[in-house]
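K.L.:
Mind docking chain B on chain A? Use the hints.
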Amino acid sequence: MSDDAVLEVTDLHVSFPGEKGRPLAAVRGLSYQVRRGETLAIVGESGSGKSVSSMAAIGLLPTNAKVTGSVRFRGRELLGLNDKEMSRIRGAGIAMVFQDPLSALTPVYRVGEAIAAAIRVHQDVTSQAAMKRAVELLELVGIPDPARRALAFPHEFSGGMRQRVMIAMAIANDPDVIIADEPTTALDVTVQAQILEVLATAKQATGAAIVLITHDLGVVAGFADRAAVMYAGRPVETAAVQELFAAPKMPYTAGLLGSLPRLDAGRGVRLRSIPGAPPSLAELGAGCPFAPRCAFAVDLCRTTEPELLEIGQGRAAACHRTGEGLDLMAGPNGDSGLTDQASGIPDTADTEPEATSDAEGVEGALAEPEAPTKSEAAAVAAPVGVAEPVLTVRDLIKHHPLTKGSIIRRRIGTVRAVDGVSLDIPAGTTLALVGESGSGKTTTVMEILRLRTPQGGSISVLGQDLEALNRGRGVRRRAQPVRAGIAAVFQDPLASLDPRLPVGDLLAEPLRTHGHGKTAGRVRELLEMVGLEASHANRFPREFSGGQRQRVAIARALALEPRLVVLDEPVSALDVSVRAGILNLLGDLQRELGLAYLFVSHDLAVVRHVADRVAVLNLGRIVEYGDADSVFEDPRHPYTRALLSAVPVPDPVVERQRERIVLPGDPPSPVVLDGDAEALRGCRFRSRCPLYAALEKPEARELCESTDPALTPVGDADRSAACHHLDAWVPALVQSGTVA
Amino acid sequence: MGAFLLRRIVNYLVLITLATCLGYLLAASSLSPREYFAQRQPPPPVASVNATLNQLNLNDKTPLEDRFAHWAKGVVTGDLGKTIDDTSVSAEMGRRMGVTLRLVLFGTISGALVGVALGFVSAIRQYRPSDHTITFLSFLVLSTPVFLLAVLLKIGTVKINQAAGTTLLPYTNETTAGLTGGWFRHLVDRGQHLVVPTLSLMLGQAALFSRYQRSAMLDVLGADYIRTARATGMRRGPALVKHGLRTALIPMATLFAYQMGMLLTGVTFTEKIFGWHGMGEWFVDSIGRQDVNAVAAMVLFTAVLILIAGLLSDIAHALLDPRVRD
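Residue numbers (our numbering), protein chains in the order written: chain A, 1 to 740; chain B, 1 to 326.
The shape of chain A in the complex, shown without the other chains (with noise of 0.2 Å):
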């Protein structure tokens, strides 16, 4: 082993007992090093067994669990340990930051009380002496008034703060080796930024080596020093992040890289999507994983699995084809015949063994972008800009009473979630919602599916006013065309499915609710048109992949051959890999169904990717509005820069020098307390602006503390920001790497 390597895993195999006494096996030869302050990223997707390497390393798997190899810190060998010799290198010579800290924390604790707790379990200190610790590790990670913070309870806290305590616990005893397990997966772009800043941080005050676990490429781009990918279990590449990012050598880091949706990429440009999803463990078969949806598989892949193996300084990759020199981000030769790309929709060759139920339909085997399709071509001459809209919202509110207690409830306050809300969705196109949690995207998106006379302002769908739809008798017979004509996708595929019927069923109800006879055939052909078999209708949700079941999910969303498709976060749960399939997908149906969307993201990326038009959400108001292309090259609104400039770009060397806005502060909450006319005065993004901060003149901050600033027309007709300073010259508008 290298001499100052802290943690040297070697040779680490994991496996459960499964179904039949045979072993599942999770991890399947894992092997790296980390030296001191470096940090090196665990890259995989679900069920690549990135997490479960983690918890082996700590010792903190299951009992059931078989694990062999060898895992070194500071060079003792930690398996084999009993839970005692284990608990005294856990918390003080290995930390960990966990994904989702609200449930990571002890909901009964104060934070205060729990990071003192983590201190007294390795440090022989008065309780007083601890707490004090704590305060000042609580200033550390960048909690303002740590004094008072420490004794709130974790709900109350933001996920960002949460996550900052999760840190002050991890760094508590100074250990040599963090390992942050997804840390910045729950959490909204603006605030992934500063937990990143708070962990580099934290490793500057420990100089620790960091263990980053993640799916995400573009945190890894801008944190990692180096990078091992996994896939089913194994290391499929290991590389400095520089060089695994311009040159992939394994197809699966290759095709990662490529279905990536961009920023700085354009819109509508076709992703290559990996065809298949991530195989089960229990169904791994002798050849390479990864074969069954390689577009450069060749015979040998399939029956032999391809060692790790180095070629060169740092760098290894698992792949039989490593030294043929082939272009992989280029996508294979023509002759691979692999891609079904050309026919653009339906994705319908599914080309999975039967044998692995798991297995996603092909979604365009690391296709290249086609040139534009027939339907394409149909889509291009459609008439877009004039068709008329339809989805109107005009200065929609929605306000909910807050109340307060248990015992004794009361109302203290109003959680203004939308706040005077104005779209338009011209038919065929796709608006996104985009904005932080809390930003009123999803009330928003309730208010429009509900069909009910808003609360404040109108919506219009379909042409029909739903004041005067609700107004009068027969309101349900009425709205029956109004209700075929909109549908809604959401995030969760499994959960929006109903368990216990299958897909046929799932797909016919709809249909026979709104007095369809026949539904077979159409059941058929939805199946089809999602890129499923017709076959696929008698198996039942949980029968299916991530990806399928979402494909599910958008065939009853287009049963009743809505005009309008509401989706609502519609890819956010599904696997990186599978993803690009699922925004092709939706690319290709709207071109040939002359679909409009109303597409719901907290995903820049994403949105960046399907939106013809934007609108920027914050506190329940649009604060800048207009065409997509135009909003993500100028954005002019100083939200929406901080919004764009906190994303993460898949690229080291684009990600490492740009200049970043890291906003202050959590996203704000929408509740405005009774008696608080304070709040609503002047603009409410004010108390994290950075151009607010940055303004020189006191008339012009002034402005900003007196008067609400409207959404006025910048630029061209199409577009509208909120915001008095739109002109205002301001350089960096806060500096890189101030931890707010």
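No lab work stands behind these hints, which were simulated from the structure alone. Please note: incorrect hints may appear among the correct ones.
Stated by the list, open to error - Which bits of chain A does chain B cover? Going by a derived footprint, with three or more residues having C-beta under 8 Å, they are: (1) 85-98; (2) 116-124; (3) 166-174.
Just so it is clear, CB atoms sit at the ideal spot from N, CA and C, and this is done for glycine as well.
P.N.:
Using the frame of chain A, we list chain B on its own:
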């Protein structure tokens, strides 16, 4: 704040009033105090029966509305009427409440503690022999009728007493009749009498709580925060107790408050079998004696207890769980 508390209390008062009135009307229209007197040997003259019934406000010849009005007027001024044997209902209830409280208090508290401990062990050793044993025993107790359990305990006690050669554990009545000695002697005597009945209550409570605690504990066993605690270097045992059990106790508060409320309204079998003259015994006997006022008072008592239990459960929940505190 005051206004909201007031609203809640008013709400409770309405519920209690409604329950009690309905209870009285049901008792007054279905019980027949006249029969109680008429069946005496020798049968008393009708005139004297009527006189007694009138005096007790129990005469079925008086219209129900009038009897109800008379009773209600009394209740408002704190007078719950007379029992059929012409004693004060309030005084009787006051005496018996103390008896039941003494019986139930130790039984439920110890039962809950034992049950929580058993449930905890059962959960962290899921599907192991100890879990199977605890599960089997708790179902055995839960499916044994209380009177059978009590009788079995009596038999066991007899054996113990025989083995000890003295009445180590008396199992009837609250005290030994005609006991002489200082207060300490009396206290020990009461304690000895308490053991067996308390045990009979405790077993059932422990069995019940162990089932609830087991499933609550299983819910939190896989929780991320236990993993976090372990990752800071905490050993498995302390992590399971400080982070797991502490959180899994929250739903138990509600169960405990309502169980306590329910049991206080009368552990009829236990009282009957062990000769304790508490609320449960009184309720059954009152129905047998066609004692309308006592039954109505019992309904009032039950309603008050259940609502207090609800309030206590909310308070306990808020104390245990900071998420609902503010």
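K.L.:
A separate judgement is required for each hint: does it hold in the structure or not?
P.N.:
Taking the hints in turn, this is what the structure says about them:
no., hint, result
1, 85-98, "holds (count 9)"
2, 116-124, "holds (count 4)"
3, 166-174, "holds (count 4)"
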